[in-house]
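> Sequence:
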Amino acid sequence: MSASSIQQYENCPLAYKLKYDWRLPEEPSAALQLGSAMHTALKAYFDGVKAGRVPGEDAILACFVDELSKLKFDEPLQRELCEKDGCDHLRRFLASEHARPRGEIFQTEHSFRVEIGGAAIKGRLDRLDRVNGEVLVIDYKTGKPKTQEDAEKSLQLSIYALAAQSMGHIPSALAFVNLRNCTAVEAQRTSQQLREAAAKVKEVAGKIAAGAFDPKPGQGCTRCSYNSICPAQEAPLTIPPAQRAATVP
Numbered sequence: 001m002s003a004s005s006i007q008q009y010e011n012c013p014l015a016y017k018l019k020y021d022w023r024l025p026e027e028p029s030a031a032l033q034l035g036s037a038m039h040t041a042l043k044a045y046f047d048g049v050k051a052g053r054v055p056g057e058d059a060i061l062a063c064f065v066d067e068l069s070k071l072k073f074d075e076p077l078q079r080e081l082c083e084k085d086g087c088d089h090l091r092r093f094l095a096s097e098h099a100r101p102r103g104e105i106f107q108t109e110h111s112f113r114v115e116i117g118g119a120a121i122k123g124r125l126d127r128l129d130r131v132n133g134e135v136l137v138i139d140y141k142t143g144k145p146k147t148q149e150d151a152e153k154s155l156q157l158s159i160y161a162l163a164a165q166s167m168g169h170i171p172s173a174l175a176f177v178n179l180r181n182c183t184a185v186e187a188q189r190t191s192q193q194l195r196e197a198a199a200k201v202k203e204v205a206g207k208i209a210a211g212a213f214d215p216k217p218g219q220g221c222t223r224c225s226y227n228s229i230c231p232a233q234e235a236p237l238t239i240p241p242a243q244r245a246a247t248v249p
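The opening position of the sequence shown corresponds to residue 1 in this note's numbering, with each subsequent residue numbered one higher.
It is worth saying that the hints were derived from the structure and are not from the lab. Where hints are given, some of them may not hold.
Claimed, not checked - In the BS3-like style, the derived pairs of lysine-lysine whose C-alpha atoms are separated by at most 30 Å in a straight line are:
{"id": "1", "residue 1": "Lys84", "residue 2": "Lys70"}
{"id": "2", "residue 1": "Lys70", "residue 2": "Lys146"}
{"id": "3", "residue 1": "Lys200", "residue 2": "Lys17"}
{"id": "4", "residue 1": "Lys200", "residue 2": "Lys146"}
{"id": "5", "residue 1": "Lys43", "residue 2": "Lys122"}
{"id": "6", "residue 1": "Lys200", "residue 2": "Lys84"}
{"id": "7", "residue 1": "Lys50", "residue 2": "Lys144"}
{"id": "8", "residue 1": "Lys19", "residue 2": "Lys50"}
{"id": "9", "residue 1": "Lys50", "residue 2": "Lys17"}
{"id": "10", "residue 1": "Lys72", "residue 2": "Lys122"}
{"id": "11", "residue 1": "Lys200", "residue 2": "Lys50"}
{"id": "12", "residue 1": "Lys216", "residue 2": "Lys153"}
{"id": "13", "residue 1": "Lys43", "residue 2": "Lys84"}
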């Protein structure tokens with residue numbers, strides 16, 4: 001499992017089943033495409049910073065545009081809007097304090113696989129910065145900006161902290177960097193909070209193993225890729241009055 005798949009199960013067990021078990025394909029959204037290209041550009045930037053050769057703005061924007069050109073979009077206008085938004089976000093980011101790490105850049109886009117709560121969890125850390133012998137775990141967000149409350153409660157960040165611990169690091173803080181509005185929110189985790197996160201992972205893994213995949217209707221249903229085949233979204237059949245009367249004894 002991953003932090004995103006666990007969140008998918010929490011949002012709707014049936015959607016998890018269709019996506020991760022049945023592997024029904026989803027069309028990649030424009031937002032996901034934009035996020036992928038921006039992550040690639042930011043990796044190029046911070047890899048350069050780590051190597052002591054800070055890339056210029058033009059080089060990073062060119063990297064972003066090139067990466068975006070490789071991705072599929074339904075409409076040319078959609079691609080143009082994503083390119084404009086992405087370039088605007090990157091320009092603001094590169095001119096901000098967030099482009100200048102507080103400590104030493106340790107790793108970028110680092111993949112991990114660890115055991116949490118008895119379950120195998122995989123994922124990728126956008127960036128690890130070494131600060132005073134500990135690490136700051138940073139996750140970039142290209143969608144709706146995360147709030148301080150989001151950072152405090154995020155299971156994703158808790159899983160990242162546990163992953164960092166498994167690699168022998170002490171996670172001093174966990175941060176969401178919001179690329180849309182160029183802000184950042186930061187939180188810490190206590191030992192008790194990390195134990196609770198591991199227990200949540202174990203709980204979700206147990207439900208998956210038990211085959212608990214009931215749909216969970218809610219506000220997100222209209223945006224779900226599987227809305228059209230979800231039994232919870234089926235309209236009830238209308239039985240004509242004459243037919244209903246014929247069935248009454």
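> Now tell me, hint by hint, if it's right for this structure.
Structure-based check of each hint:
no., hint, in the structure
1, Lys84 with Lys70, "holds (16 Å)"
2, Lys70 with Lys146, "holds (28 Å)"
3, Lys200 with Lys17, "holds (18 Å)"
4, Lys200 with Lys146, "holds (21 Å)"
5, Lys43 with Lys122, "holds (19 Å)"
6, Lys200 with Lys84, "violated (39 Å)"
7, Lys50 with Lys144, "holds (28 Å)"
8, Lys19 with Lys50, "violated (37 Å)"
9, Lys50 with Lys17, "violated (40 Å)"
10, Lys72 with Lys122, "holds (26 Å)"
11, Lys200 with Lys50, "violated (35 Å)"
12, Lys216 with Lys153, "holds (21 Å)"
13, Lys43 with Lys84, "holds (20 Å)"
The structure shown violates the earlier hints numbered 6, 8, 9 and 11.
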